Amino acid sequence: MQQQHARYWRRVLRLTGVLLGVWFVAGLGAGVLFKEQLDAITIPGTGFPLGFWMAQQGSILVFVLIIWAYARKMRALDRDAGVEEDDQ
Amino acid sequence: MTVQVWTTLFVVLTFGLYTAIAWWTRASSTREFYVAGKGVSPLANGMATAADWMSAASFISMAGIIAFAGYGGSVYLMGWTGGYVLLAVLLAPFLRKFGKFTVPDFVGDRYESNTVRFLAVVCALFVSFTYVAGQMRGVGVVFGRFLEVPVETGVLVGMAIVLFYAVLGGMKGITYTQVAQYCVLIFAFMVPAIFLSLRFSGLPIPQLGFGWGGEEASVLAKLEGLDRELGFTPYTEQGGGNVLNLFAITLALMVGTAGLPHVIVRFFTVPKVRDARTSALWALLFIALLYTTAPAIAVFARYNLMESVRDASWSVSAETNDDPSIKPLPEWVRSWEDIGLIAWVDKDGDGAVDYAPGAAFVGKPSFAPDETRGDHGERVLVNEPTEAKNELYVDRDIMVLANPEISGLPNWVVALVAAGGLAAALSTAAGLLLVVSTSISHDLLKRGLLPNISEKGELRAARIAIVGAVVVAGWLGIDPPGFVAEVVAFAFGLAASTFFPVIVLGIFSTRMNKQGAAAGMITGLLFTASAIVWFRFLHPELDTAKHWWFGIGPKGIGSVGMLLNFVVSVAVGACFPAPSASTQDMVRAIRVPKGAGAAASH
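Quick mapping for you: the protein sequence lines, in order, are chains A and B. The numbering of the first sequence is numbering that gives the first Met the number 0, which starts it at 0 and goes up by one. The numbering of the second sequence is numbering that gives the first Met the number 0, which starts it at 0 and goes up by one.
Simulated from the structure, these hints should not be mistaken for laboratory data. Treat the hints loosely; a few may be bogus.
Here are the computed distance ranges between Cβ atoms for each label pair [stated by the list, open to error]: (1) B:Ser-579 <-> A:Arg-9: 47 to 57 Å; (2) B:Cys-182 <-> A:Phe-33: 33 to 43 Å; (3) B:Pro-539 <-> A:Gly-81: 55 to 65 Å; (4) A:Phe-33 <-> B:Ile-204: 36 to 46 Å; (5) A:Phe-33 <-> B:Glu-318: 49 to 59 Å.
Here the structure is a predicted model, which means the values were calculated and not measured. Don't be surprised by glycine CBs; every beta carbon is placed ideally from N, CA and C.
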C-alpha cells in the first residue's frame with residue numbers, strides 16, 4: 000500500500016515536471032526570453048511575428064492544452080494505482 | 000433608443016437577475032456560506048472561477064493597457080493565464096483533497112501552528128483588500144460614464160448590490176451569480192470584438208482577424224506603419240524595459256494568480272479531486288476566450304483611435320462640418336472629455352489634435368474651476384504642459400468602454416459593454432469580500448479567538464464581516480492608489496511572495512515545518528511590501544529602471560520575494576525538527592485522491 004502510493008507519487012511528480020517544463024518554454028521562453036529571435040519568422044498569411052504571437056495568443060492555447068493533458072493523464076494514473084475516488 | 004436608456008435597461012435587467020439568483024440560492028449553513036456545500040459541478044465552477052477571476056482590470060483596463068503598451072502588455076496575458084497551470088498541477092487537486100474551508104485552514108493545520116495560520120490570515124486580508132479596491136473603482140467608472148453619475152455614487156451603488164447578494168448567499172449565492180455574470184461579461188466582450196473583426200478583416204474570429212491579411216494588409220501591420228509615422232514604438236516590438244524585468248513581472252503575475260486566496264478557494268467547492276482538475280481546465284478555457292480576444296480589441300481600438308483623432312479640429316463637429324479639407328472631431332471624444340478621461344491642450348495653437356508619444360502634460364488632468372472653456376471649446380487644464388509634441392491625454396481605462404462608440408457600433412452594443420464591465424467588477428468583488436469575511440469569521444474567530452462560537456453565531460459573524468469589508472472596499476475605491484490594473488498588479492506580487500511557496504512546500508515536502516514556513520512568509524511579505532511602498536509611495540521619483548533593485552521594478556519584485564521565501568523557508572526549516580508523524584501522514588494522504596469524502600468531514 001505505502002509502496003504503491005510512493006510509486007504513484009513518483010509518477011505524478013514526473014508528469015508535473017514535464018508539464019511545467021512545457022509551461023516554461025511556451026510562456027516565459029517563447030513569449031519573453033526568445034521573443035526577439037522568434038520574431039524573425041512571420042506566421043504565413045498573417046502579419047503576426049512569431050514571438051509576438053506566442054506572447055499574446057500561442058502561449059495561452061498551450062496553457063489550456065497542458066491542463067487538459069494533466070487532467071486526462073492523472074485520471075489514468077489514478078486508475079492504474081487504484082487510488083481513484085469512489086463514485087458516491 | 001439612446002445609449003443611456005439602453006444602459007439603464009441592461010443594468011436593471013442584469014442586476015435584477017443577480018438579485019433573484021442570490022435569493023434562490025441563499026445559504027443556511029457555514030458549509031454553504033463558505034464553500035457552497037461542496038456541491039458545485041466542475042463546469043459551473045469553471046464558469047464561476049472565470050467570472051471571479053476576470054475583474055474590472057481584465058475587462059475594462061487590460062485591452063486598454065495592451066493597446067498602449069503593445070507587446071509590453073503581453074505580461075498580463077501570459078501572467079494571468081499561465082498561473083492556472085501552476086494552480087491546476089501544483090495546488091488545486093491537493094487542497095481539494097485536504098478538504099477544509101480556507102487557505103489559512105490548510106496552512107494552519109499543515110504547519111500545526113496558530114501563528115502561521117494568523118500570518119496567512121493577515122496575508123489573505125492584505126491581498127484581498129488591495130485587489131478589491133480596483134474592482135469598486137471599476138464599478139464607479141462604468142456608472143460615471145454610462146449613467147452620468149459621479150464616480151463616487153457609482154461606487155456606492157456597486158457596494159449596495161454586492162452587499163446584498165454576498166451577505167445573503169455567501170459562496171453559494173456568489174457561485175451561481177458568477178455563472179450568470181460570466182455569461183453576461185463574455186457576451187458583452189465578444190460582440191463588439193466580432194463586429195470590429197468583421198469590419199477590419201472580414202473574419203468573424205477576432206483572434207485571427209487582427210493579424211489576418213499578411214505582412215502589409217493586416218490591421219496589425221497598418222497599425223505598425225501608423226506607429227512609425229507618428230513616432231511611437233512599433234506595436235509588436237519591445238519598447239524600453241529590459242527582458243529581465245518583463246520576465247520577473249510575468250512570473251510574479253503567474254505565481255501570484257496561483258496564490259490568490261479567492262481563486263484557490265473556488266476549488267474547495269467541487270465534490271471531488273478529479274473535479275478540481277477538470278474544473279481548472281474549464282476555468283482556463285473560459286478565461287482564454289476573453290484573454291485571446293483582448294489583444295485583438297487592443298489592436299482595433301488603437302488603430303481606430305489614432306486614425307480618428309490625429310489632426311482632427313477640436314471645435315469642428317461632424318454634423319455641421321461642410322469643409323472637406325477639415326477633419327472634424329468625433330463626438331465620443333467630447334463626451335469622454337466631459338467626465339475627464341480625455342483631455343486636450345492646444346500647444347501649437349492650430350486648433351487640431353497632435354497625437355504623438357509622451358505625456359501631453361504633467362499628471363492626471365486637473366480642470367480649471369467653473370467649467371472654463373478654451374478657444375476651441377475644450378476644457379481648460381491647470382496642469383503644466385510638457386515639452387513633448389503630444390497634446391492629447393487618453394485614459395487607458397476607456398479603451399474597451401469607448402471602443403464601440405469609437406467604431407460607431409449600435410447603441411445597444413455600447414450599453415452591453417457597460418453591463419459586462421459591471422458584471423466583471425461585481426463578480427470579482429464578491430469573491431474577494433467572501434475571502435475577507437471568511438478570514439475573519441472562520442480563521443480568526445472560530446479557529447482562533449472564539450473556538451466555542453456556535454454555527455449560527457459564526458454565520459452571523461461572517462455576514463457582519465462582509466458588511467465591514469464592503470465599506471472599507473468602497474472607501475478604497477473612491478480614493479484608490481493608481482490605475483485599476485496597477486493596483487491589482489500589486490496584489491499579485493504579495494500573493495506570489497507569501498502564499499504560493501508556503502502551500503507548495505506544504506504539499507510537496509513532508510519535511511517542511513512551521514518555523515520555515517513562518518520565516519519564509521514574513522520575509523516574502525516584508526520584502527515585497529517594502530519594495531512597493533518604497534517605489535510607489537515614499538519615493539515615486541526613484542521608480543525608474545536605474546534605481547530598481549536587481550533591475551526589477553515594483554511590479555515584478557514579487558518574483559524575487561517568492562524566491563526569497565523559498566530559500567528562507569528551506570534554510571530555516573532545515574534547522575528545526577520535522578513536523579509530527581501525524582502531519583506527515585496527512586501530507587501523504589492529500590497526495591492521493593482516494594478518500595476525499597472522508598477528509599472533507601469537518
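Q | Violated constraints from the hint list, given by number and in increasing order | A | When the structure is compared with the hints, numbers 1, 4 turn out to be violated.
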